[in-house]
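Undergrad: Letter by letter, the chains look like this.
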Amino acid sequence: MPVPINFVEKKPLPSGATMLCGFPDVGLVGVLASSYVISELALDELAYVDSDLLPPVVVLHKGLPHSPMRVFGNSGLLVTIAETAIPARGIQRLMRSFMGWVKSKNTKMIVPIGGIPTQNRQDIEKPEVFGAASSVDMISLLEQHKLDVLREGYMVGPQALIMRYCAENNLPAVALLAQSFSNYPDPEAAAAALRQFSTITGVKIDVAKLVEKGEEIRLRARDMMKRTQQELTKMNKGQESDLPLYI
Amino acid sequence: MASGKRIRSIFDLISNYVEEMESLADDLLPVERPSWDVKASTILPLCNVSVAPDEVVVTADLPFSDPDSIRIGPSDERTLEISAKIRRRVCCEDLGIIYQRGEFSTFYCQTRIPVAVDMKRRTKRFKNGILEIKLPRKKGHQIKVGSIRKDYGELRLDNGKF
Chain A
1 MPVPINFVEK KPLPSGATML CGFPDVGLVG VLASSYVISE LALDELAYVD SDLLPPVVVL
61 HKGLPHSPMR VFGNSGLLVT IAETAIPARG IQRLMRSFMG WVKSKNTKMI VPIGGIPTQN
121 RQDIEKPEVF GAASSVDMIS LLEQHKLDVL REGYMVGPQA LIMRYCAENN LPAVALLAQS
181 FSNYPDPEAA AAALRQFSTI TGVKIDVAKL VEKGEEIRLR ARDMMKRTQQ ELTKMNKGQE
241 SDLPLYI
Chain B
1 MASGKRIRSI FDLISNYVEE MESLADDLLP VERPSWDVKA STILPLCNVS VAPDEVVVTA
61 DLPFSDPDSI RIGPSDERTL EISAKIRRRV CCEDLGIIYQ RGEFSTFYCQ TRIPVAVDMK
121 RRTKRFKNGI LEIKLPRKKG HQIKVGSIRK DYGELRLDNG KF
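Residue numbers (the numbering used here), protein chains in the order written: chain A, 1 to 247; chain B, 1 to 162.
Since the hints were derived computationally from the structure, they do not count as laboratory data. Quick reminder that beta carbons are idealized off the backbone N, C-alpha and C, glycines included. Don't take each hint at face value.
[Unchecked claim] Listing some non-contacts, in silico: residues in chain B with all C-beta distances to chain A over 12 angstroms:
| id | residue |
| --- | --- |
| 1 | L44 |
| 2 | P53 |
| 3 | S69 |
| 4 | Q100 |
| 5 | G102 |
| 6 | I113 |
| 7 | V115 |
| 8 | G129 |
| 9 | K139 |
| 10 | K144 |
[Said to hold, decoys possible] Straight-line C-alpha distance at most 20 angstroms; calculated PhoX-like pairs for lysine-lysine:
| id | chain 1 | residue 1 | chain 2 | residue 2 |
| --- | --- | --- | --- | --- |
| 11 | B | K127 | A | K213 |
| 12 | A | K213 | A | K126 |
| 13 | A | K11 | A | K103 |
| 14 | B | K124 | A | K126 |
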């Protein structure tokens with residue numbers, strides 16, 4: 001029996017908005033970025049995902065239970081966040097269905113944010129951000145903003161699936177991937193990715209507090225990082241470091 | 001199959017079995033302990049071990065820790081014990097734990113090293129809240145491989161014995 005995936009809309013979603021996606025991945029870069037934007041711009045919860053493909057988890061906020069995967073937003077910006085690691089077993093079905101729903105909302109552009117595990121991250125003061133694009137037009141957009149484009153290689157995980165389904169459905173998407181720790185929460189990488197997000201989309205986000213609160217975030221995000229790491233291993237996340245074969 | 005899913009080929013069948021086995025394996029995993037211990041006032045830091053040809057690199061994420069208080073010691077030949085004092089007061093509420101009272105003063109973890117290392121020659125550095133420990137690997141006994149006789153494809157060690 002196919003597992004049902006429902007997108008429950010609590011409030012009307014704006015048409016033509018830009019969507020930032022933050023799913024648990026290396027360094028929790030996407031989740032930290034999404035979480036910060038939701039809090040900083042005081043975005044409302046607009047929709048949530050209800051599916052048995054998500055783990056049997058509710059997230060308690062202000063004493064009330066919530067789905068671990070939700071969409072927040074205002075008139076021009078949508079932010080998707082998953083507050084628990086998405087099980088590797090169901091991630092393809094979940095993401096395919098999610099992107100189908102996103103397409104029905106006439107989203108202007110989708111921007112998944114994530115990290116690129118970097119061996120000498122400890123010695124990098126300012127993490128660099130790289131881009132991946134869903135189409136030739138989107139590559140041009142990245143180049144206009146002087147972002148290095150990942151031209152060959154592999155992407156693995158939620159961001160990879162978003163990019164694949166966006167390319168299949170002609171949805172404009174750019175993935176912003178910051179140099180990050182692989183196994184440790186990386187708020188500075190999230191801040192670097194958000195700076196680029198602001199530049200590309202024009203959405204103003206002051207990331208000063210994200211950097212200031214870095215140590216506190218690292219302390220609190222340990223458990224989520226550990227669970228994410230377990231799921232990423234099941235997804236063969238290590239393949240991102242494989243050398244691309246292109247003859 | 002009870003799932004009612006239409007089986008198209010032998011690969012579907014195998015795929016279904018693999019899914020069932022993974023699900024069983026997940027169910028059999030032992031219940032994990034929390035990453036904090038109120039009685040001992042300790043927090044378990046995130047830790048990583050990577051093995052290179054010449055050394056083993058252990059890192060630990062120690063936010064808010066006091067660099068002067070970091071203690072690293074082998075508890076046996078293959079286990080490294082790391083502790084560090086937290087330089088500010090962290091209570092349960094700070095970590096979102098409201099059903100328990102208590103404070104945490106120390107990061108503490110024990111890490112198993114997967115290969116033989118020389119614990120005495122370890123080096124450490126602490127930068128941006130990340131502790132990095134390098135442990136040189138112990139070299140095992142080397143056996144020199146001698147000539148290979150082409151006619152029989154026979155392998156002989158340098159002393160002529162097999």
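Undergrad: Could you let me know if the closest chain A CB is still more than 12 angstroms away from the CB of S69 of chain B?
TA: 16 angstroms, holds
Undergrad: Taking 12 angstroms as the cut and beta carbons as the points, is K144 of chain B off the interface with chain A?
TA: Non-interface label stands for K144 of chain B: nearest chain A Cβ at 33 angstroms, farther than 12 angstroms.
Undergrad: Assess, step by step, whether the Cα of K124 of chain B is no farther than 20 angstroms from the Cα of K126 of chain A, and give holds or violated.
TA: Since the Cα atoms of K124 of chain B and K126 of chain A sit roughly 23 angstroms apart, the hinted pair is violated (cutoff 20 angstroms).
Undergrad: Taking the minimum C-beta separation from K139 of chain B to chain A, is that value above 12 angstroms?
TA: 24 angstroms, holds
Undergrad: Take the C-alpha atoms of K213 of chain A and K126 of chain A, compute the straight-line distance between them, and say whether it is at most 20 angstroms.
TA: 16 angstroms, holds
Undergrad: K127 of chain B and K213 of chain A were given as a pair; does the straight-line alpha-carbon distance stay at or below 20 angstroms?
TA: Holds. K127 of chain B to K213 of chain A sits at ~17 angstroms (cutoff 20 angstroms).
Undergrad: Quick one: work out the minimum CB distance from G102 of chain B to chain A and report holds if it exceeds 12 angstroms, violated otherwise.
TA: 15 angstroms, holds
Undergrad: Does the claim that L44 of chain B lies outside the interface with chain A hold up, using a Cβ gap greater than 12 angstroms?
TA: 8 angstroms, violated
Undergrad: Taking the minimum C-beta separation from I113 of chain B to chain A, is that value above 12 angstroms?
TA: 17 angstroms, holds
Undergrad: Is the claim that P53 of chain B lies outside the interface with chain A correct, judged by CB distances over 12 angstroms?
TA: Label holds. Min Cβ-Cβ 15 angstroms, cutoff 12 angstroms.
Undergrad: Verify that the Cβ of G129 of chain B lies farther than 12 angstroms from every Cβ atom of chain A, and report whether the claim holds or is violated.
TA: Per Cβ check, G129 of chain B is inside 12 angstroms of chain A; nearest 6 angstroms; violated.
Undergrad: Straight-line Cα separation of K11 of chain A and K103 of chain A no greater than 20 angstroms?
TA: Status holds; Cα separation ~17 angstroms.
Of the numbered hints stated above, those contradicted by the structure are hints 1, 8, 14, listed in ascending order.
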